[in-house]
Structures are given as structure tokens and as C-alpha cells.
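Undergrad: As a plain string of letters, each chain reads:
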Amino acid sequence: MFSLRLPIPIENTLITPPPKSNNNNTYNSSLCAHSYSSYSHSQTNRFLTVRNVALQKNGNSVGDSKDTMMQPFPEELNAEPLPRHVAVIMDGNGRWAKMRNLMPSAGHQAGAEALKEMVRLCASWGIKVLTVFAFSTDNWVRPKVEVDFLMSLFEKTINSEIDVFIREGIRISVIGDASKLPSSLIRMIKYAEERTKENSRLQLIVAVSYSGKYDVVQACRSVAKKVKDGILDLEEINEGIIEQELETNCTEFPNPDLLIRTSGELRVSNFLLWQLAYTELYFDGALWPDFGKEEFVEALSSFQQRKRRFGGR
Amino acid sequence: MGNVGLQLLWYFLHILLSIWHSILAIRCFIESCFITCGVLEKYKSLNIAKLRYLAIVIESEDAHQTSKVVKLLQWLDSIGVKNVCLYDMNGVLKKSKEAIFGKLKNAKPIEEVNEAVTLHVPEHMTLEFVSYADGKEAMVKAANFIFVENLKRQNFGGEIDGQVISEPLLNEALKVVGCKGPEPDLLLVYGPVRSHLGFPAWRIRYTEIVHMGSLNFLRYGSLIKAIYDFTKVHQNYGT
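Protein chains in written order, with this note's numbering: chain R, 1 to 313; chain L, 1 to 239.
Watch out, some of these pointers could steer you wrong.
Claimed, not checked - Lysine-lysine pairs mimicking DSBU-like chemistry, simulated, CA-CA at most 30 Å apart:
id, chain 1, residue 1, chain 2, residue 2
1, L, 141, R, 228
2, R, 213, L, 232
3, R, 225, L, 152
4, L, 42, R, 98
5, R, 98, L, 94
6, L, 44, R, 228
7, R, 213, L, 94
8, L, 180, R, 226
What the hints assert, rightly or not - Simulated coverage check for chain R against chain L, where a stretch passes if three residues somewhere in it have a Cβ under 8 Å from a Cβ of chain L:
id, region
9, 261-271
10, 285-298
Read the hints as simulated data drawn from the structure, not as lab findings.
A virtual CB, placed ideally from N, CA and C, is assigned to each residue, including glycine.
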């Protein structure tokens, strides 16, 4: 969905983005739920400089060479406001595979490629934090074959991308209950976090074995320990104290400005419950492997057109 | 000349898309009117049993429009939705409680309902009024309650065992501090922003969230459609 803004500069019109292979079912599932126009007709001229053109094929790393990391800033968007922190519930891998008579593993592989593209876009466009919901505590009940494949996929993907993250200034953090993860994955996570901890261009937070409620519970436990150790008094406990103990305390911007959920489902499924109080919720009908640049631009465009008052006037 | 042509083409494409999306918006409006008039058969019978608890988030500015809130509640009552939680961030609806109950014939506050709210015989509406204070602040109170209770039990050592804190314990503690409402199945957001504006986070794990637009554009047809779409949803709960 484009947002109509006139006049529109034509500097970028000759640059064709790479064709998307499967992108026939994108729709904004909240379109009919609201009756006001989602378009702005700004007369502001936007002359955005084309930084670079990245022609990425599926299956490549986030940045095969230094130049391919950058994606040109889309002309449909304003430079401000952009969300500092984008959260994504990557839903729809299984359905994507089923529609193509493929095994669920193929869907998860395709989902991993979509995630790489998302990381590339966020890093290119100045988004500071990207949090993705890779695996929920509820997902442990899935067939063991699928769970084992996912754990293996996480490990392989981190391993294959770590050099790129280091080169491109991307910091990786993993949140969630690590107690059930395979030890090899835990080691890989610790290694990746350590190697990239100084990077500041983009922070990629991957939620694995994560539960929003459990996040609050563990925060309360941490606070209780601080009281027990004499670091805190009971009277000092407030919202801020609990927020500091949530797993998102690994980032400077713990609360997402924009949450995107793919596949058309309209719920947050126990993801970042505490942190989503003022988050713009964007539900897209595309399945996660099909969520690409166009869909992301649409989500950002929708974000830019909302009046977010945070409870004030 | 070439550039001017391209520019015109670009404008033309954007106008086409704008028209397309306007058509979609008009279609939604017409569909809403048809639903209101009872023209569309499938919306005539709703499987309301699936919607055990409904939450409504209203932007605090719009929440002053008590008549519109009452109209919405009357529609819900007529549809058969009896258990409703009303939320606005600044507590405007809480202050309008008396006025709202005054205009609804058979509504009771949740505090007066003893049995589990979702199980009561649907002769009357049950209304719960919440604000931001019932969200994060309530969670802090619940956590503090657990800490203090734990401290009392550890009489001699005076130590707090943090590990005792669990989800079920927090659920119970929330009831003690006055937050007894269940997790809503569906949450309708009336306001310009697609955000739940701080609705108690603990309660919306699996809640379907639908943005309805501003309360100024309240439409019966849109309400029916949102509820109907909810009744068709299938949740996997992670499986």
C-alpha cells in the first residue's frame, strides 16, 4: 500500500527493486477496521539521496560485500519519524511451506532469509533496535523433529552471519529462557554476543524460548534478590525498577515503537507484554517468508501516519 | 521532457492506488451499513459463546463522550456480549462509572459479581473499569504484596525467597490488590492510534486485538464484523 504524498521526487524512479518471488497475498488486515484515511497529502518536498542500490538474491548473507548492505531509503517514507525500535512476530513459516507442499523446515529456512533481509533494511535505514520473536515457550510442544531443526537453524544462522554482523556493526543479543536450549546453541549465542557487544549500528535482539509473562516473573525475582541482598528497599520498588530487570534491559530502547505481526493474526501471543504499552501494532496479512521490503515500507509508512500521543494531548 | 513524463506517470500511479484504497474504505463503509440493516445473512447469527470476555480500549480524550460509550455498551448487550472491560489510560471512564450505570438497566460492576465472571448466567451485564493504574502499577503492587507476605513467613531469618514468585502466584496477588478481571478474548481499540495504550499487559497474552478507529466513527456494522471475524479465528497457541 502506498501513501500518496505530492510532489514526489523522481530521482529514484529508474531504480527497480529486485523482483519478489512470492508476494501475492499481502494485505493490511486492519484496513477495514478503521474508517479514517490513512493517507497524508503532504506538500513537503522530499529529496532523499540515493545511498546505494543493493541487489540481493535470496540465500545471500546480510552483507556479502561492504556495498551490498545498504538499501536506498524509500521515497514513500519520510526521514522522520522512524521507529527506533521495531519488534516483529515472524509468523507464517509453517503455512507458507504447507501452501507449497513443502516440509515445515523449508518454511523456516525461507523465514531465515526473510529475517536477513529485514536486518539489512533496518541497518540501512537507521533503525536502532530490531527484536524478533523466533521461538516462544509455547512452541516447545511442537514435534521434536521441528524443534530440533529450529534449534539447529538458529545455530547455523548465527554461525554463518557472525562475521557479517561484526563487519557491519550489528550487535546480537538473545533473550528468553536458555535453560531448555541445546548447550551448543547456548555456547554459540554467548560467543556471538561477546564478539558483537561493541557494535552500535543496529542491535538485533532474538527472542528464543521467550514468554512475556515469564519475563515479568523473572524481573520480579531479580528485584526480590536485590531486596534480599540489601541493594533495594521494598519501598523503592516501582515500575521503573521492574522495567530495569526485564530481559530487554540489554538495549537502550527497550520499548518497541512499532510491532509487526505477519500472517494476518491479530494478537501478540505473549511477546513483550510489559514493553508494548504504547507500541503501534501493525498486523500484516503476508506470511513471514513473503514479508519483504515493500511490506516493511508499508508498515513504516503506516507508523508515520499515526498520531502517537502517549496519553497526552 | 522525459522526466516530466515520468513524473506525470508517477503521479498517475499514485492517484490510481489512492483511488483503489478509497474504494476499499468505501466498501468497508457500505459493508458496515449492510450489516447494520441485516442484509448480509452470515452476520445475523453470531456464535457469542466463544466471546467470553470483551475488553474495550478508548482513548481518554474520546472517553468523555459518555453517550457514545453507553451506546456501544447497549449494542453489546443486545448482541449478547455481557462481560465487558472498559479501559482508558487516564481513568476518565472510571469517573463516569455512575453515569454509565445510570443509563444501563441491567449492568453490575465486577466487584459485585462473586462467581467467576465468565461463568455467570447472562441476565445482566458485568462491567469492569480499568485504567493505567491497573496495569503496570498493579503489577508492582502485586509483586510487593508477594515480597511482604514472604517476609512475614520468614519470621526469624527475615529473608525473601525470590524463587517463590511464579505466574500463578502473581495471578493470585493481582486479585488481592483488586485486579480480578480475566484475560479478554477480544480487545477492541477505539482511538486514532493502533495501540492498546497500556491496557494491563498481564491479561492480553492471547487476546485478539482489533483497531476500530475513532469513537467518533462508531458503527454497529463494524462492531458486528469485528466480533464475527473473531468467532472465526482459530488459535494454535504455539503448536
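Undergrad: In ascending order, which of the hints set out earlier in this document are inconsistent with the structure?
TA: 5, 6 and 10
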